[in-house]
Amino acid sequence: MKDPEITPELIASHGLNQEEYARIIQLIGRIPTFTELGIFSVMWSEHCSYKSSKVHLRRLPTKGDCVLQGPGENAGIIDIGGGLAAAFKIESHNHPSFIEPYQGAATGVGGILRDIFTMGARPVAAMNSLHFGPLSVSDCAAADEAVIAARNRSIMRGVVKGVGDYGNSFGVPTVGGEVKFGDCYSKNPLVNAFTLGLMRKDQIFYGRAAGVGNPVIYVGAKTGRDGIHGATMASEEFDDQSQSKRPTVQVGDPFLEKLLLEACLEVMRAGAVVGIQDMGAAGLTSSSCEMGGRAGTGVEIEIDLVPQRETRMTPYEIMLSESQERMLIVADAGRVREVLDVFKKWELDAVVIGHVTSDGLLRVKKNSKVVAEIPNAALTDSAPVYNRPIAAPDASSAPPAIDLDPSPAALEQSFRQLIASPAIASKEWVYEQYDHMVRTNTVVMPGSDAAVIRIKETRRGLAMTLDSNARYCNADPRAGARLVVAEACRNLVCSGGRPLALTNCLNFASPERPKVMYQFSETITGMAEACEAFSTPVTGGNVSFYNETEGRGIFPTPVIGMVGIVEDMHRVTTQWFKNDDRAIVLLGETHNDLAASLHLEVIGKPSTGVPMLDLSRERAVQETCLKMIQDGLIESAHDCSDGGIAIALAECCFSSYRRDSVGCDVDLTGELPAIALLFSESPSRIIVSAESQNLDRVLEIARNNGVIASVLGRTGGKSIRITINGDPVIDVLVHEIEQAWRASISCLMEVPSLATT
Amino acid sequence: MKARVYVTLKPSVLDPQGKAIHHAVEGIGYHGITDVRQGKYFEVAVDGSLSPDEARAEVERIARDVLSNPVIEDYRVELDSSTEA
Amino acid sequence: MKFGVVVFPGSNCDHDTYHVISKVIGQPVDFIWHRQDNLSDYDAIILPGGFAYGDYLRTGAIARFSPVMGAVKQFASRGGIVLGICNGFQILCEAGLLPGALLRNDKLKFVCKHVNIRVETTDTPFTLRCQRGQTLSVPIAHGDGNYFCDEQTLDELRRENRIIFRYSDARGLITPEANPNGSLDSIAGICNRERNVLGLMPHPERASEEILSSADGRIIFYSLADTLAELAKAS
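In order, the protein sequence lines correspond to chains A, B and C. Position in the first sequence (from 1) plus 3 gives the number in the working numbering. Position in the second sequence (from 1) plus 18 gives the number in the working numbering. Position in the third sequence (from 1) plus 355 gives the number in the working numbering.
Hints are computed from structural coordinates only; laboratory data are not their basis. Any given hint could turn out to be false.
Here are the simulated lysine-lysine pairs, DSS-like style, with alpha carbons at most 27 Å apart [said to hold, decoys possible]:
(1) C/Lys378 with A/Lys459
(2) B/Lys58 with A/Lys225
(3) B/Lys20 with A/Lys164
Construct all of the structure, not just a fragment, from the sequences and the given hints.
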């Protein structure tokens, strides 16, 4: 088959502009071959090159005592003590999940699992952050709302099933995450998948093609024409033609991935592996040039040796294929047989397809004839970097006067509305489809502030959480990013974990719009500030731009995946009240922070600004809570966030473990309007419960840390009863509220429908 | 030569998938559908060295022993002679 | 006494089961690769949960042809104790060691959550430490756990007291709401006529330590260990 001629149209269809093409010619000193053009186009795509985000990402703190591996490898790695290390990372699969929700989400999970086990770690926990458009008509703003809501439900069904089927079959527990909703996600669903793996500190593997002459071994699934140009797809906006891009979506095989995991860990343990990397976005291309690039070597591949699933594949197709469940291994020259035997035992393909060279080039041959020859550096370090224009939005007008009904009846109505809103309602419809217990390490299951897994044969465990808040980040990206990091830390602390480090997934609209780049830049600034304040470095992550369809972009949605250490697994706490007759204590203070609150969103009132965060006060509250947990003084701890104290209290009353609910009787005091006392989202607040005998100690610890602690009331009874300065405002039966909270999402999702468009 | 194998649930076995599809089809507004049963379909390519009778016998065995579970499923084999090499 | 945990390609509860046998009840245990066809070293064989060979055709459909399953059949026919958990139960049904089949859950979704099961009989090596009517809180995690068999088989199972566990509520009442997957007669676990082969959908190995929110499931493993100790004494 003859390669097409390199024309301006062909160049443009590869997503390369004129300057970029000129740069290619300059870098290689000639007109590229068709295969080379394809290789450049994927490596220089936004997805692989980070060309729009690089200049900003440099501002994030990436170093810390615990960091063993920062950004730049397949995953970040932290030291968790006792000779153990944890590798973790989050990655987006937004665009594929919009085109084909089931496979898009499934292969997203598959990809992040490989990123973890390619470092030598066994994946032990997964989480995901999902954003969808509204599920029901009443929440939708658009005219064709019923159709849109039906499609949103269909996308959510597909995504949840895709995440579940892949992780369940692979055998990694999906221990937590978040599911959020908003109009802007209707045609831009976000699927961000996180995985954490455990390894011995002295057995870390890197994606490096070291040792000239060493064999390059292809292992795993055969190569087909799946996902060719997936990486460039993730770097383009969607339009109505996107449906026709369906063929580029990859299909996942979790069974094969499970075998790949076992086989890879086995050859790693044997010590036969020099370097290893998964073939993710941009497949064989990125794995081979990145492995060569990191080691300062070159990689030469004989393309016909690559195992192929389809016939008559061209070098272009083979180099760009994104077939799943494949890895590239550079092995010790003398131990090839051993490597091949292990893969044979697991009934997987393993073929030597090339070798490591000293020339720093990625060279692809077909029938001994060179079809592509590019310096690694041209594809990686010399990829274009853009400092795209930034423009702040127009100064917002004065905050609109909010006219709210302060009557107890209206407040109770708001409370009921919030508890059943998809934002707050139980996500059990989602997480019951995920195996969250396999590996028998899950100590705190989905539904509490953070998930906690034990590390077998040690006293320790790991707490982890995914957090985002697009409401805040849209209103003020910098302050919003700080609030998100603070909440992630607070969630870990509430479960008994000390925050160590984080990974981020930065979901934004088109970077070519200056207002989006402003949001991005501000987000990085805010995140960096908060990371410094909490001493939680960023160990890696992912940027997903172009989340927009038909010119409509998403809110800035940075997602934080935070990991913390639990030193003593006997000191793990969940958010739920455990017993009657316990003191309920609020750590921190409530201010009039209704701006960008869920309450205003649910009742459809506009606002400007976000809640005020004082990083040092936040740290003090967290230290206080952690001390109380470590001293065994409190039975529950729950972060106050979406929906304020009122919702936080309700969430303390019923547990996702379906234990019997516990009522509460509390009085909120102060000068603030009732609506703020109930629903304000002031950060730096935690609700804890304690036995009476421990109350003095609890209050003393707070005092010593300079944290205001107020006794709100007591647990017990069959009702949630809230008074304000002694006046009754909310008095509802717990089981009634629990029912509304539990049933909300499943009622919406179980509406029979096959409509997909 | 190609053989087609259809595996269906026995009539006595409840098929919740078929039921859900039936319900949805009605909900979308299609009329006159009284039942939907979901099954599996296999295309089996057979070596040209077997005679049609041998091929059918071999595929029947595969259908019975592997592709279906006699406790819950029935199967039917069709031999496609048009694809005979 | 020695336990063996079979590892099929795609098994993923093999390590969990091994952990419970070795660390919780403290008995010797080996992994057994699916190609192994000799089980003479073992006193009890466990087929763990997972997705053997991917379970793409039907759950357990391919696993039953593996070499180890021929050995398991022989082992069972000589009275050896065999426990199939989740995917292991599905494989035992496909292999004909237990009657019936496990269909797609009635709500068509994978379900992972804690359920209650009621012990229907203590007359098995797996439940001898239990009380009849006792409820155990044990998780399920499956997409195909909807037990089905024909009328005649069901009659037989009832008559011969071979339904070992039924899904119930926390008080031990058998209700439609407590049945998580549509199983016939709320069946969660059954045994063979000789009572040495048990299959159940719930995962007792996930509920065998206090830290994992329930330790109710370990009574099954303790019962097994007691049985094996008795057998060892007798021989």
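Against the structure, the hints come out as follows:
1. C/Lys378 with A/Lys459: With a Cα-Cα distance of about 10 Å, the restraint between C/Lys378 and A/Lys459 holds, given a limit of 27 Å.
2. B/Lys58 with A/Lys225: With a Cα-Cα distance of about 25 Å, the restraint between B/Lys58 and A/Lys225 holds, given a limit of 27 Å.
3. B/Lys20 with A/Lys164: Violated, at about 33 Å.
Hint compliance for this structure: hint 3 is the single one not met.
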